[in-house]
Amino acid sequence: GEDVEQSLFLSVREGDSSVINCTYTDSSSTYLYWYKQEPGAGLQLLTYIFSNMDMKQDQRLTVLLNKKDKHLSLRIADTQTGDSAIYFCAESSSIKAAGNKLTFGGGTRVLVKP
Amino acid sequence: EAQVTQNPRYLITVTGKKLTVTCSQNMNHEYMSWYRQDPGLGLRQIYYSMNVEVTDKGDVPEGYKVSRKEKRNFPLILESPSPNQTSLYFCASKGQGANIQYFGAGTRLSVL
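Protein chains in written order, with the working numbering: chain C, 1 to 114; chain Y, 1 to 112.
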């Protein structure tokens, strides 16, 4: 089946930039998403990017997509303690359940140290 | 307010005791689905429904049933729960042609 891979853990100092990486295998991916899950909470959609885009910026968040290498990254500028959470990368494809199915990575736990 | 509502939020049960987790959305979405979240594995799709009376298996359907009799509701049924179904469950919905899925707050299930 199609895979989405992420590193398990990232530690970053408060004020620094965080970069969370994701690789995927499905060449028909249409949209790629980043979700945030704070401890004990549900999923919050942070941002998403269409597969024909290279970059998307939204305040402190920058998403970079290298479609050739099937590599997605999320950069968080000026990381704060409130950014400590699990971050999930996910992709959808127009050929999987008419574009409705999301395939998730295993999640990257980000710990922000003061 | 647009939302996906799951109930219960927390449930502890014993092996073999049938249970149902309800999911309801108020956005008139055609597509609904269930995921389970396990550490290191992310979210995996259990079942999905493209519309009323149209359901299909996801990646991990064993031990689960669903039904879609009304557009707004998509219950998840565990006929005979087992400890390996201890997990965090999420329901999601999405409108036709939309890019974004809306997730419920999650149901944490423990099967003893």
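Calculated from the structure, these hints are not laboratory results.
For each residue, glycine too, the CB sits at the ideal point set by N, CA and C.
Some clues are possibly wrong.
A few chain C residues that don't get close to chain Y, going by computed Cβ distances all over 10 Å [claimed, not checked]:
(1) Gln6
(2) Ser11
(3) Ser17
(4) Asp26
(5) Leu45
(6) Met55
(7) Asp58
(8) Leu64
(9) Asn100
(10) Lys101
Result set (SDA-like, lysine to any residue): computed pairs, CA atoms no more than 25 Å apart in a straight line [said to hold, decoys possible]:
(11) C:Lys56 - C:Thr23
(12) C:Lys36 - Y:Lys69
(13) C:Lys67 - Y:Ala98
(14) C:Lys56 - Y:Lys71
(15) C:Lys36 - Y:Gln3
(16) Y:Lys71 - C:Gln44
Just to be careful, I want the Cα atoms of lysine 71 of chain Y and glutamine 44 of chain C compared with a cutoff of 25 Å; is the pair within it? Roughly 24 Å separates the two Cα atoms, so the pair holds.
Was leucine 64 of chain C rightly flagged as not at the interface, with every chain Y Cβ beyond 10 Å? holds, 19 Å
The output says serine 11 of chain C does not contact chain Y. Does that hold with a beta carbon cutoff of 10 Å? Non-interface label stands for serine 11 of chain C: nearest chain Y Cβ at 17 Å, farther than 10 Å.
Please work out if lysine 56 of chain C and threonine 23 of chain C have their alpha carbons no farther apart than 25 Å. With a Cα-Cα distance of about 17 Å, the restraint between lysine 56 of chain C and threonine 23 of chain C holds, given a limit of 25 Å.
Quick check for students: does the CB of glutamine 6 of chain C sit more than 10 Å from each CB in chain Y? violated, 8 Å
Proposed proximity, alanine 98 of chain Y with lysine 67 of chain C (alpha carbon, max 25 Å): Within the cut-off at roughly 22 Å; holds.
Over 10 Å from every CB of chain Y: does aspartate 58 of chain C meet that, or does the non-interface label fail? holds, 14 Å
Just want to verify: serine 17 of chain C was marked as not at the interface with chain Y; is every Cβ pair farther apart than 10 Å? Label holds. Min Cβ-Cβ 24 Å, cutoff 10 Å.
Far enough from chain Y: is every CB of that chain over 10 Å from the CB of lysine 101 of chain C? Violated, because the least Cβ-Cβ distance between lysine 101 of chain C and chain Y comes to about 6 Å, which does not exceed 10 Å.
Would you check the hint for lysine 56 of chain C and lysine 71 of chain Y, treating anything up to 25 Å between C-alpha atoms as holding? violated, 34 Å
Beyond 10 Å from each Cβ of chain Y, as asserted for leucine 45 of chain C: It is violated; leucine 45 of chain C is separated from chain Y by about 6 Å at its closest Cβ, not greater than 10 Å.
Claimed clearance of chain Y by asparagine 100 of chain C, with the beta carbon kept past 10 Å: Asparagine 100 of chain C not clear of chain Y: closest Cβ-Cβ about 5 Å, inside 10 Å.
In summary, the structure is inconsistent with hints 1, 5, 9, 10, 12 and 14 from the numbered list given earlier, while agreeing with the others.
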